[in-house]
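Asker: Residue-level listing of the chains:
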Amino acid sequence: MKKNRNVGIVGVGQSVYSSHREEVNQPEMIHEAVVEALEMAGITMAEVDCVVHGNMELFEMVHQPDLWHTLGTGAWGKESLRVTTGGTTGATLAAAADHLVASGLHDVVLAIGFEKLQEGHTTGGITNMADPLWGRQLQTGALTGMTAAQMIEEFGAERAKAAAMAYRILMDANAMKNPKAHRRLGLRPDQAEELAANSPALVGELRMIHMCSQSDGACAMIFASEEKARQLCAQPAWIEDHVTAHREEMFCLFGNAPVLTTHRHCARKLFARNGIRDPRREIDLFEMYDPSAWWGLDWLREFLLLEGDEHLRMVESGAIAMDGDFPVNPSGGVIASNPIGATAMVRVAEAALQIMGRAGGHQLPRPVRRALASGFGGTMWTVLFLLASDTERQAAA
Amino acid sequence: MGGPMRQRLITLRQTIAVGQRFATGPVMGRFLMALREKTILAIRCPSCGRLQSPPREICAPCRVRNTEWVEVGPGGEMRMLEYVYYASPDPLSGETRETPYGAVGILLDGCRDEEVFWHLLNPADLDRVRMGIVIGDRVTRGSRLRPVWADARTGSISDIRYFELDEPPAPA
Ligand SMILES: [Zn+2]
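Sequence order for the protein chains is E and S. Under this note's numbering, the residues of the first sequence are numbered 1 to 397, in order. Under this note's numbering, the residues of the second sequence are numbered 398 to 569, in order.
Isolated chain S, as found in the complex (with noise of 0.2 Å):
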C-alpha cells in the first residue's frame, strides 16, 4: 500500500467552454429583429387578452398560441429591482459582471398587471431609481424608465445598453 492517505488524495482541474448556437423561432426572431429598430414588440393572448415581451409562441394558463402582435413601451416603469452585488459571471462572456448593477422588471407603457419586461438598469442610476410594489391591494408606484439603445445593433438582448431614469432631478 502506498503512503499517508493525504499523499493519495488528488483533485482534477478542469473547465468546459462550449460554443452555443440557438435557434430563436419566428415568434422571437421577429421580436428580435425589431429591436433593431428601436422597437418592443409583445404578442397578445387570443383568449386572455395578456401581452408577453419577449413574446412567447403559446400563452401558457391558456394553453392557446398567441397571435396578435402590438407595440408597447418603449419607456415604463420600475416594478422589481436586483440591487446585485453578487459578482457573477455574464454567461454571454464568461467574465465576471462589473458590480454593484441592477437587474430590473419595467412594466412598459401599454401593459398591465403581470406583464414584466426584463432588462438590466444603468448603473449609475442604481441609487437614483425607486421600485413600485404590490403589497394586498396597496400599489405604489415605481420610477419612469426609458431604454438606451446601442449603437450597432444585432436583433439581441443587447440591443438595448439597459434602461435609465426618465424623470426630471428631484428638486434640492
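Bound conformation, chain E alone (with noise of 0.2 Å):
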C-alpha cells in the first residue's frame, strides 16, 4: 500500500465484554473503553483531531447513534465519521483511521467501534442484512452448517469433529487469561466428548460450544502520525498494511467448482505487496474473526495459503497455542467475545496490544515483530490487517 506517512496504533481501550450490561447505557460502556484508550497514549480529547465511531445499527435499531453517544465518545465539537460495513465494521473503522492520519488530514484520530446485542436481536438483524427481495427469507442468520460439513466430507467425523473442539478448547484456555473476555468457561482438554454429544446443535453440525458469543462491549483505539506516536509512545505498532475484498450480495459459494474466498485473496494479496513467502515463520501472531470454531479451523487453511490438511495439524500439534510457533487469538477471538461492531477493531486493537507489549495476562511469551489481524462480515467478505513493531521496520529497511 502506497501512503503518505506512517500511522501507529498508540492506545487501546477495552470495555469489558458481557452479556451483562445493564448497568451501563450505550454511551456509558463506549466511554469505559474511551478512557482506557486515552489514557494508555497518555493524552486528553484536546489533542484528539477526529472521532470515527461504528457499529450494526440494525441490532440494537437506533439509527445515527453516534448523536447519543457524543456524551461517551468525546466527539462534541470534533470532526467526526460513522462507518458501518456489518461485520467487518471494527477493521473498517481501523482502516478510515488509518487513511485519515496517513493521509495528513488529521495527527490524531480516535476510532470506537461497539455493540450492545443483550439490546436488540442479533439473528433478526443479521437476517435484514440480506436482500429483501429474495434472501431475506432463507438467511439463517450468522449460522452455517456447510463449514463443518465440508470438513466432514473432507477429513472425515471423527477428525474434522476433534479437530474443530480442539480449537474451541484452546480458544477458551486462552481466554481464560485475559480478564476482558465474555465467556472464560474453564474448558479441559479431557471434556471434549462430552461437549461435543451434549451442546445442542444449531446447524448441521455447528453446535452452540462451537459458536461465538453475543456480547455487549466497546473498543477504542488510537492512530497517530509518525511524529506523534513516537513523542506518545515506546513501542507504537505500526500500520503496514490492509485489504478489503467484498463479493457479491448473494450467496454463490456451494456448486460444482471450487470458489477462491476472500480470504486466500486478501491474504495473497497482502503477503505479495509486502514480500511474505512464508506466512507462517514471518509472521507471529494471527488475530482472526473466528466466529466458530468450525470457521477458525477453516479460515487457518485460507489466509495462511495452506493446503490439504495442515491447518488441521496445526491445530492437532497445539502449533496454533500461546506457546507455539503460530499463535492464534491470545485474547480467546471472537469466540470468547463477540461485540459485534467491535469484533473486528478488537483483532486489530489485540494484535496492536501483542506488539506494544501491553497485552497482560494474555501477552505471547516472546517478542512480536509481524502481527496479522482480520475482519469478517456480510457475504463472505474479508479485511486483513498487517501490523508491525520498530524492530521489524528496521529488519525490513
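No lab work stands behind these hints: they were computed from the structure. Keep in mind the model is a prediction, meaning the values are calculated, not measured. Wrong hints could be hidden among the right ones.
Some chain S residues close to chain E (C-beta under 8 Å, calculated; not the full set) [what the hints assert, rightly or not]:
1) Thr421
2) Met477
3) Tyr480
4) Tyr482
5) Asp510
6) Ile530
Computed footprint of chain S on chain E; a stretch qualifies when at least three of its residues, placed anywhere within it, have a C-beta under 8 Å from a C-beta of chain S [said to hold, decoys possible]:
7) 38 to 49
8) 123 to 135
9) 144 to 154
10) 199 to 205
With beta-carbon atoms standing in for the labels, derived distance ranges [stated by the list, open to error]:
11) Gly156/E with Arg509/S: 53 to 63 Å
12) Gly422/S with Asp325/E: 45 to 55 Å
13) Arg494/S with Arg366/E: 47 to 57 Å
14) Glu227/E with Cys445/S: 43 to 53 Å
Ideal Cβ placement from N, Cα and C applies to all residues, glycine included.
Take the two lone chains, each set in its own frame, and fit them into one complex as the hints suggest.
Answerer: Right, here's the structure in full:
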C-alpha cells in the first residue's frame, strides 16, 4: 500500500465484554473504552482531531447512534465520521482511521466500535442484511453448518469434529488469561467428547459450544502520525498494510466448482505486496475473526494459503496455542467475545497490544514483530491487516 | 442521593414493527411474474456467460448489464443444505419458524459451477437427502430435488412452497 506517511497505534481501550452490561447505557459503556485508550496514549480529548464511530445499527435499531453517543465518545465539536460495514465494521473503522492519518488530514484519530447485542436481536438483525426481494426469507442469521459438512466430507467425521473441539478448547484456554473476555468457561481437553455430545445443535454439526458469543462491549483505538506516535509511545504498533475484498450480495459458494474465498484472495494480495513468502514463519501472531470453531479451523488454511490438512495439524499439534510456533487469538478470539461492531476492531487492537507488549495476562512469551488481524462479514467479505513493530521495520529497511 | 445503586437501574422494553414495501425493479419483477406461471428464469451475463437466478441486473465480476433470459430447472441437484435447528424468526411474518427446517442451494438443470438457486427444503425430506460437495477436484453428487408450487401464486418467493426429493425411494 502506498502511504503518504506512517501511522502508529498508540492507545487501545476495551470495556469488559459481557452479556450483562445493564448497569451502563450505550454512551457510558463506550466511555469506558475511550478513557482507557486515552490513558494508554497519555493524551486527553483536546489532542484528538477526529472521532470515527461505528457499529451495526440494525441490532439495537438506534439510527445515527453517534448523536446520542457524543456523551461517551467526546466527539462534541470535533470532526467525526461514521462507519457501518456489517461484521467488518471494526476493521473498517481501523482502516478509515489509518486513511485519515496517513493522508495528512489529521494527526490523531480516535476510532470506536461498539455493540450492545443484549439490547436488540442478533439473528433478526443479520437476517435483515439479506436482499429483501429473495434472500431475507432464507438467511439463517450468521449460523452455517456448511463448513462443518465440508470438513467432515474431506477429513472424516471423527478427525474433523475432534479438531474443531480442540480449536474451541484452545481458544477458551486463551480467554481464561484475558480478564475482559466474555465467555471464560475453563474447558479442559478431557471434556471434548462430553461437550460434543451435550451441546445443542444449531445448524448441522455447528453446535452452541462452537459458536461465538453475543456480547455487549466497546473498543477504542488511537491512531497517530509517525511524528506524534514517537512522542506518545515507546513502541507503537505500525500499520504496514490492509486489504479489503467484497463479493456479490448473494451467497453463490456451493455449486460444483471450487471458489476462491475473499480470505485467500486478501492474503495473497497482502503477502505479495509485503514480500511475505512463508506467512507461518514470517508472521508471529494472528488475531483472526473466528465466528465459530469450524470457521476458525477452516480459515487457517485460507489465510495462511495452506493446502491439504496442514491447518488441522496446526491445531492438533498445538502450534496455534500461545506457546506454539504460530499463536492464534491469545485474546480468546471472537468465540469468547463478540460485541459485533467492535469485534473486528478488537482483532486489530489485540494484535497491536501484542506488538506494544501491553496485552497483560495474555501477552505472548516472545516478542511480536509482525502480526496479522482479520475482519469478516457480509457475504464472505474480508478485511486483513498487517501490523509491525519498530524492530520489524528496521529489519525490513 | 437515592437508595442503593440497584434501585436506580431500569431497562426500558420496546418493540419496533416496520411495514415495508420494496420495489423489485423490472429484472426481478419479470422473474417473480414467471414464478406465477411455474417457471424459473435465469439471466445470462453477455461477457462471461454465467447464469444468475434470482436474476441480477448486473454481473458484478464483469461489471456489465445482464441481457439474455433463459428458463432453468425446475428440477436440479442439491449442492447445499443448512439443517437448521435454531428457531429464528421468519422475517416475512415475525413468527418463530418451526424447526428443524432446511435451507438448500440447488444447481437447477441448465446451471453449472456456482449458479446455485437458494430456497427451502420440504422438512419431511431433511433426513432423506444427500448434499453434493466439492473437495478440491473431487465432486460428489447430491440428491435430485423438484419444486412444490403453491396453489395461489402471487409473484414472490412463497410461490414455491419448498423443494422436495425427486428420486425413487432407496431399496429396503
Ligand atoms: Zn459476467
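Asker: Holds or violated: Ile530/S as interface residue toward chain E, Cβ cutoff 8 Å?
Answerer: Nearest chain E Cβ about 5 Å off; hint holds.
Asker: Do at least three Cβ atoms from the stretch 123 to 135 of chain E come closer than 8 Å to Cβ atoms of chain S?
Answerer: holds (count 8)
Asker: Using the C-beta atoms of Arg494/S and Arg366/E, is the stated range 47 to 57 Å upheld?
Answerer: The hint (47 to 57 Å, Cβ to Cβ) holds, given that Arg494/S and Arg366/E are roughly 49 Å apart.
Asker: Mind taking a look at whether chain S covers the stretch 38 to 49 of chain E? Criterion is 3 or more residues with CB to CB distance under 8 Å.
Answerer: The restraint on the stretch 38 to 49 of chain E is violated, since only 0 of its residues have a Cβ under 8 Å from chain S and three are required.
Asker: Taking 8 Å as the limit, does the beta-carbon of Asp510/S come near enough to a beta-carbon in chain E?
Answerer: holds, 4 Å
Asker: Hint says 53 to 63 Å; check whether the CB-CB distance for Gly156/E and Arg509/S agrees.
Answerer: violated, 29 Å
Asker: Has the stretch 144 to 154 of chain E got at least three residues whose CB is nearer than 8 Å to a CB belonging to chain S?
Answerer: It holds: at least three residues are needed, and the stretch 144 to 154 of chain E offers 7 whose Cβ sits within less than 8 Å of chain S.
Asker: Is 43 to 53 Å right for how far apart the beta carbons of Glu227/E and Cys445/S are?
Answerer: With Cβ atoms ~48 Å apart, the hint holds.
Asker: So, Tyr482/S near chain E? Judge it on the closest CB pair being under 8 Å.
Answerer: Nearest chain E Cβ about 5 Å off; hint holds.
Asker: Per the hint of 45 to 55 Å, is the separation of the Cβ atoms of Gly422/S and Asp325/E within bounds?
Answerer: Given about 53 Å between the Cβ atoms, the range holds.
Asker: Grab the minimum C-beta distance from Met477/S to chain E and call the hint holds if it beats 8 Å, violated otherwise.
Answerer: holds, 4 Å
Asker: Would you check whether Tyr480/S satisfies its interface hint, that is, whether its CB is within less than 8 Å of any CB in chain E?
Answerer: Holds: closest Cβ of chain E sits about 5 Å from Tyr480/S, inside 8 Å.
In this structure, the hints that do not hold are numbers 7, 11, in rising order.
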